[in-house]
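Colleague: Place chain S on chain L using the hints.
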Amino acid sequence: DAMVIQNPRYQVTQFGKPVTLSCSQTLNHNVMYWYQQKSSQAPKLLFHYYDKDFNNEADTPDNFQSRRPNTSFCFLDIRSPGLGDAAMYLCATSRDRPGWQFQETQYFGPGTRLLVL
Amino acid sequence: QQQVKQSPQSLIVQKGGISIINCAYENTAFDYFPWYQQFPGKGPALLIAIRPDVSEKKEGRFTISFNKSAKQFSLHIMDSQPGDSATYFCAALSGNTGKLIFGQGTTLQVKP
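If you read the protein sequences in the order shown, they are chains L and S. The working numbering applies: residue 1 is where the first sequence begins, and numbers increase by one. The working numbering applies: residue 118 is where the second sequence begins, and numbers increase by one.
One chain only, chain L, in its complex shape:
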């Protein structure tokens, strides 16, 4: 059973054309994360939501934004994609913040591969 679902799996967009990636979860987890992963690199955290509380990483470009309309869904908006934004975008969830026994385990979705032409 899919727990973290990402759509679409592949997305092609044009340089500068806004694009939205979506993530949904059936785990009822409080925390949702967005990571960017480029080829042969480790995932890089962009931001995360603890419930409705948005937490942006200091080095995340302003071009990237996120929305979480409810517990189950989270969106990644790239306002003006550049060629350097081509990557795999990973959504992850965890039940809670660290401090609770293994509730901080992060579960990843299959990712959306973004291609910018």
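Hints were generated in silico from the structure; no laboratory data involved. Be careful, since some hints might not be right.
[As the list claims (entries may be wrong)] Simulated crosslink set (SDA-like; lysine to any residue; CA at most 25 Å straight-line):
hint, chain 1, residue 1, chain 2, residue 2
1, L, Lys44, S, Leu164
2, S, Lys122, L, Thr105
3, S, Lys174, S, Gln189
Modeller: Positioned in the frame of chain L, the structure of chain S alone reads:
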């Protein structure tokens, strides 16, 4: 101090052999250490995880060995199979920041 250093970058093992991947950290605030397995074009999948109050954890063919004093931990894959060929990431999570810090990844190839 937030880094997790992983080695080797790539590893080739014969079928049936033991694969060993090592990680080291400096930040003593890290208190949770998961390993993720990632196949090409897929998201990372949690493989096994350990807390620093335990020196070893075994799940099937996968074992984490943890050395708190040396700030090192390693993944051992016993009886390695071609289906284990993937990229493996160690990670460390800080209870202070809530962030998961990944190692650089190890690409494992198990030859038949």
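Colleague: Now tell me if each hint is right for this structure.
Modeller: We went through each hint and held it up to the structure:
{"no.": "1", "hint": "L:Lys44 <-> S:Leu164", "result": "holds, 19 Å"}
{"no.": "2", "hint": "S:Lys122 <-> L:Thr105", "result": "holds, 20 Å"}
{"no.": "3", "hint": "S:Lys174 <-> S:Gln189", "result": "holds, 14 Å"}
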